[in-house]
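Asks: Position 206 of the sequence shown, counting from 1, maps to 189 under my numbering, and the rest follow consecutively.
The calculated PhoX-like cross-link candidates involving lysine-lysine, where the alpha carbons are at most 25 Å apart (straight line), are:
| hint | residue 1 | residue 2 |
| --- | --- | --- |
| 1 | 221 | 254 |
| 2 | 221 | 185 |
| 3 | 185 | 142 |
| 4 | 142 | 221 |
These are calculated hints, taken from the structure and not from any lab test.
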Amino acid sequence: MPWADIPAFYLTMLVTALAAVALAGLLLVIELFASQRISRQAPGAMLLLLLAVGLVGCCLPQARSIVTACSALVSLVLVAWTSSFEVARRYAARLLTPKFMWAAVLLLGMVASRYLAAHVLLSLDEQAAPRELDLEDVPIRLTQAVTDAGQSVGLFHFKMHSSATQIEQFIASNEKDLTQIIRLAEPNSASNCHGWVFTGGKYGVRDPEVARILVDNAYVEVATPREGDLAIYISGEKFTHSGIVRIADSHTPILVESKWGPFGVYLHSVKQQPFPGHSRFFRSPRNGHQLTLRRTTNEPNLALDTPTNH
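Could you build the full structure based on these sequences and the hints that come with them?
Replies: So, in structure tokens, the structure goes:
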């Protein structure tokens, strides 16, 4: 997406304008006080310098602003420099008729309007849909999950600090770029994707716990999934997302049911989900995927164990 970073775009335009002011001032001084020979050669020297800087910028990562500024200044110097030649002035006088000027204004106006309208719409879209939400996970103290090997797994609930409107806007912005998805359940802060799979949606389970659960509960990776198998998304060494295969027919795409963080539960194709990583499938001989949940004390504490739904 061109110039998705609006502040960087305006900063580049500002720096380019200031550079144009400095360049014009320098060349004006040369025109007023230097010899005719130097006056004609100075724009050419500036042109070569700007081209060299632009070429260096093309070789550097994250140097788009430098290349853009140099390109604009090169065009400015080139137009001003050619006006110093008699042949160029005579040709320009014949070319710059009212028909040509109005056609040029029409074309430039249409291009500029299309370009600026795209950025205005992008800016409005970014303002309407927050890129991040304010949330935290609250550890569960009175309940723990236990693997088949007897190891405990820490649990948590989400606590949402963003407003309901911001949450819905964030969800809508994530859904609009995806196809083949069906929202099965509304947002719920009780669990995340792993908690939906391993605790039945009662609690959240953190990403690092997934590897131990797979080992302790005798999961093995399979190349061809069946209904009920796990779909685990892995990026590098991180387990980024998990779900349950709901449709695994050789004649149709594989469909997975998963919870997207503290938000809704979705039925989606393998690739149509917002989390990074590649999908891998796992199967276990045990009955179901849920861990054993145990109370760690007899004293109730609803503040810790009762989620707040949004």
